[in-house]
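Enquirer: Got chain G; can you put chain P on it based on the hints?
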Amino acid sequence: MPRLRSLAVLIAIALVAVALATPAASQTPQVSQTPKPGGVLNIMLREDLSPGFAIHETATISTVWPGMPCFSNLVLFDPLKKTESADTVIGELAEKWSWQDNYRNLVFFLRKGVKWHDGQPFTAKDVKFTFDMLREAPDTPAKLRINPRKDWYANVEAIEAAEPHTVVFRLKKPQPSLLLMLASGYTPVYAAHVPPASYRTGCIGTGPFKLKEWRKGEYVEYVKNPDYFLKGRPYLDGLKYFVIVERGTRNAALQAGKLDVSFPGEISKTASEQLKKAVPKLVVTPFSANVSDNIIMNIKKPPFDNVKVRLAVSHAIDRRALVQAVHQGGAVVGASLAPKPWGFWGLGEKEITALPGYGKPADEKAKAKKLMAEVGFSPEKPLRVEMVTRAIAVYVDMASFVINELKQIGIEATLKQIETAQWHAMATRGDYQIGANLTGIGPDDPDANFYENYGCRSPRNYSQYCSEQVMKMVDAQSQELDPKKRLALVYAIQKKLEDDAARPILDWRLDYFTHWPHVKNLIPHQSIYNFGRMQEVWIDK
Amino acid sequence: MKTYIAQRLAIAVLTLLGMSLVIFTLLRLAPGDIVDILFSTAGYVSPSEKQAIMQELGMDRPYWVQYLEWLKQIVTGDLGKSYRYDLPAWQIIRPLLPVTIELAALSMVVAVLLGVPTGVISAVRQDSTLDYVLRVISLAGLSMPAFWLGMVIILTLVTWLQWIPPLTYVPPTEDFKLHAVQFALPALAVGYRSSALIMRITRSSLLEVLREDYIRTAWAKGQSGRIVVWRHALKNAMLPVVTVIGIEFAFLIGGLVVTETVFNLPGVARFLVQAILWRDYPIVQNLVMFIAIVVILSNLLVDMLYGVLDPRVRYGS
Chain G
1 MPRLRSLAVL
11 IAIALVAVAL
21 ATPAASQTPQ
31 VSQTPKPGGV
41 LNIMLREDLS
51 PGFAIHETAT
61 ISTVWPGMPC
71 FSNLVLFDPL
81 KKTESADTVI
91 GELAEKWSWQ
101 DNYRNLVFFL
111 RKGVKWHDGQ
121 PFTAKDVKFT
131 FDMLREAPDT
141 PAKLRINPRK
151 DWYANVEAIE
161 AAEPHTVVFR
171 LKKPQPSLLL
181 MLASGYTPVY
191 AAHVPPASYR
201 TGCIGTGPFK
211 LKEWRKGEYV
221 EYVKNPDYFL
231 KGRPYLDGLK
241 YFVIVERGTR
251 NAALQAGKLD
261 VSFPGEISKT
271 ASEQLKKAVP
281 KLVVTPFSAN
291 VSDNIIMNIK
301 KPPFDNVKVR
311 LAVSHAIDRR
321 ALVQAVHQGG
331 AVVGASLAPK
341 PWGFWGLGEK
351 EITALPGYGK
361 PADEKAKAKK
371 LMAEVGFSPE
381 KPLRVEMVTR
391 AIAVYVDMAS
401 FVINELKQIG
411 IEATLKQIET
421 AQWHAMATRG
431 DYQIGANLTG
441 IGPDDPDANF
451 YENYGCRSPR
461 NYSQYCSEQV
471 MKMVDAQSQE
481 LDPKKRLALV
491 YAIQKKLEDD
501 AARPILDWRL
511 DYFTHWPHVK
521 NLIPHQSIYN
531 FGRMQEVWID
541 K
Chain P
1 MKTYIAQRLA
11 IAVLTLLGMS
21 LVIFTLLRLA
31 PGDIVDILFS
41 TAGYVSPSEK
51 QAIMQELGMD
61 RPYWVQYLEW
71 LKQIVTGDLG
81 KSYRYDLPAW
91 QIIRPLLPVT
101 IELAALSMVV
111 AVLLGVPTGV
121 ISAVRQDSTL
131 DYVLRVISLA
141 GLSMPAFWLG
151 MVIILTLVTW
161 LQWIPPLTYV
171 PPTEDFKLHA
181 VQFALPALAV
191 GYRSSALIMR
201 ITRSSLLEVL
211 REDYIRTAWA
221 KGQSGRIVVW
231 RHALKNAMLP
241 VVTVIGIEFA
251 FLIGGLVVTE
261 TVFNLPGVAR
271 FLVQAILWRD
281 YPIVQNLVMF
291 IAIVVILSNL
301 LVDMLYGVLD
311 PRVRYGS
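Going down the list, the protein sequences come from chains G and P. So in the numbering used here, spot 111 of the first sequence is number 111, and the numbers just go up one at a time. So in the numbering used here, spot 279 of the second sequence is number 279, and the numbers just go up one at a time.
By construction, these hints were calculated from the structure, which means they are not laboratory data. Among these hints, one or two may not hold up.
[Said to hold, decoys possible] Simulated pairs of lysine-lysine, DSS-like, Cα-Cα distance not exceeding 25 Å:
(1) Lys177/P x Lys143/G
(2) Lys143/G x Lys50/P
(3) Lys50/P x Lys150/G
(4) Lys407/G x Lys360/G
(5) Lys81/P x Lys212/G
(6) Lys301/G x Lys367/G
(7) Lys240/G x Lys177/P
Okay, chain P solo, but in the shape it has when bound:
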């Protein structure tokens, strides 16, 4: 097990190295840079002044020097300085991380709490009216973009209650109730979409397992439906579900852009888009690396969970 984790972590480092190269290259291939944007806010461009700013920001150095400098910064824990804000990148990135992680985690909790039970009910009551109703609800969830649902929630609240969630981040230590409300609404909007996917995977996976011989044996032994479904069938049906949950979580970390924007939550995803628009390389590079790390770690966690759910899965030799 330890060897397996060590191997995976070694591969993760190589993956991150490759990612860093891709991020760095793609950013430089995009048209324009921070200096163009700065001049854009001033409405003119002066080549000599542009050169001076490039020099000030260290952007006039060869690309490979800039790349190695960035790698060095990552290793030493100094993430450089934001071009846009003229402040250490870590100082800007740090407050964003808990917001996005909390929103993604809460969304996944909502998704699992909604998706798994409804998937089980749908599978057990296959082709019943309830099954059809749940499938329609899940299809609606898949078809409905989270940002659209978010906007509908906000407009409904404004129209009926003349109220909208807080416009700035409320830390739980300051006002836990308000904090919970602030996160519950976007988590519902995002979680509903993800729950639809989880529900469908749970249903199809469970249907497959319910037709296995060992389930028939359990029924023949006279075990109750609850034991058969929840203890014997569901545990085996969970492997693809866990995979989907892992993928969804990783996707959410970077994919919350519009939800964070609609609910005005100061998270990684919303900030990343602004940083890309400003070509704020130090912020973009480090935020994308953060997302890559989350994706790798969540994949690793999912692989670990396989062993817990199915003892036949062995790691390494």
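This is chain G alone, in the form it adopts within the complex:
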């Protein structure tokens, strides 16, 4: 019976699909110049892939960036558009899609004739296999070793693949954002006929490029996939990612033209200026890396269980001075979502200025001192705490600045550097008082950010902030179908999080993506994790 019911639903869906399918769904991206086929793109990597091409088992750009060309998603953010939003989602393995039942069912109509790199046909079974594995469905035949984005699929009740080329995602409650999470570089479809563990050592995908060789610690080489489902793509004959651990050597290789493209999130403002000075024709594009600098305070332990102390910390830090001192202007201030124009959902300058810590520095420091005085501390009688941070220069620089700011309001923090191997374990356990942290977010989307970093049971909610009111607001925005109303809710949540000093955001880092002018159609988005597919890239030589 359930099968018959599913079939009936699918037939009904199929009848209305053409009318309801999103207009952008069946389109391939529009290209502004006439592309030339051929050539190999040489790309920079700062470390080797780990764990291999297993994108679902990691949350690092070092895997997503070189792994993306092998795979396809159901849907993807248009590689030719800078801004990522529901309007810029295009079909990949899904030719069309349709929201049904007031955004409770998401139906994908899959491309036919798509083959895996080993020649096996791609079907709806592969989609069900992948997403059942990700959401850890009880009857799933496969399990990931590490599943960092399980929470993204918490609202998926069932995935049905009754037909070979139709898949239905049944949701517990409406969630328009699910489509955006499916469009992230973090959401490739795995092959059901190979074990998930095999992606740690190789790659069987349906993407525009096939893996030729991965020489450990040296390079990853791809060749064009002749069976790629988008006719005429990819333009390039191949891709070669060079692992270069030393930053000076990486930049020298780019400068010498041995590399065509920098690594996303790698080039600071200062470095881009130096490169541009050395080679004026290099193309530098500033964009948001979707990575924030923030302060985590353990809300479960004194003294940061007291909102006054947390707010004092937030008031004390001069964000704009931090941007200049630590990033030499290569970052922008914002709340818990990247601000406009770098992001889509962030608060504007006017709203930001009204938040704790974003006003005039002298006024903010005075407010911070007043709050500290109320809890019995002052610069003469300071509160002594230990500030933890990761033993990496970008973390330590930020932490040192913050320590100096806190000293001025009566908080004396001693810096404790934590090895990378220990950092996340310590943060997840809440084994700290206060810390200087960096947070990267896959898609620029409220659901991906709020549930992951502020959800009451999320392992990445390092501050252990848990507010019933906020979670209700987060659920409400997630289910809101009216974009304007949703944006208003998202704004309200951001204000509330800063007012509670849940995890004070200090700035959003900018990356200065650099490439040679002959590289065309490689357009950075507002998140570093979503534009590495390379099927539209061509070389004008």
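Expert: Chain P in isolation, oriented as in the chain G frame:
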């Protein structure tokens, strides 16, 4: 001689056994493990998932079991599996060895070719302008870290010629010329530093020998300066020089980290650092053992050379 070598090899086995224990223990004392790093790339930690991975990798077993397992692997030639790459450790280590050995050997050739002649000239022309110039050059070599020199070479090439050496390893069978260039630059950077040390040792050792009675006798017999210096004096002055060369070679095998990194050469030293950062025990343990073996063998070779250079040296009874 054979008995001596056999004794030395027996001691070497005991030394390696001790080394293995030290490596194994130190690695386990370092904070964090591969599972922490894997979770670190995922941005969270789950104790139950961590336990499952520990079990999968065999890291939940008692330390002594893991240690004995590793020793067994060494004896059987199966070096285990890399935690990071999920591949046999030997498959990963094998391509690294020739790169580092070649770079270290070439660096030593550069060091000897530069260091010994300049040391001799400096000693023979003691306190002359040339001596002072050579001593300043050698002092500069000692003061200049090889990685800094390497970076200066790369930046100079990029700035003036818009060229840098290949970014991946070029086998000699594929393109010998490019291969030679790829290794010549780092070998020069490393060899220059080592040559400074060799030059100073050669100079001081030769100065000492040149004041010996038998050298005075050679001069008195009317032998030419070339014969006196190169045949009589230098041979006797070479013992400490050979010792230093042996130590330097052994040091280079593990000490090429930064040079391999700067020149992006996929050798043992660069890979070892990455493996340590990832707590990839099978790779780290076996690479350190490889370095230990090279150190022991080069020491043994130096001891053997003593006998060749000085017939008075006898091995065993």
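Enquirer: Now, for every hint given, state plainly whether the structure supports it.
Expert: Results for each hint:
Using a Cα cut-off of 25 Å, the hinted pair Lys177/P and Lys143/G is violated, with the two alpha carbons roughly 49 Å apart. Distance hint between Lys143/G and Lys50/P is fulfilled; the C-alpha atoms sit about 14 Å from each other, no more than 25 Å. A hinted pair counts as satisfied when its Cα atoms are at most 25 Å apart, and Lys50/P with Lys150/G qualifies at roughly 16 Å. Between Lys407/G and Lys360/G the alpha-carbon distance is near 18 Å, which keeps this suggested pair within the 25 Å criterion.
A distance of roughly 23 Å separates the Cα atoms of Lys81/P and Lys212/G; the hinted pair therefore holds under the 25 Å criterion. Between Lys301/G and Lys367/G the CA atoms are separated by roughly 23 Å; this keeps the pair inside 25 Å, and the hint holds. The suggested pairing of Lys240/G with Lys177/P holds, with an alpha-carbon distance near 23 Å, which does not exceed 25 Å.
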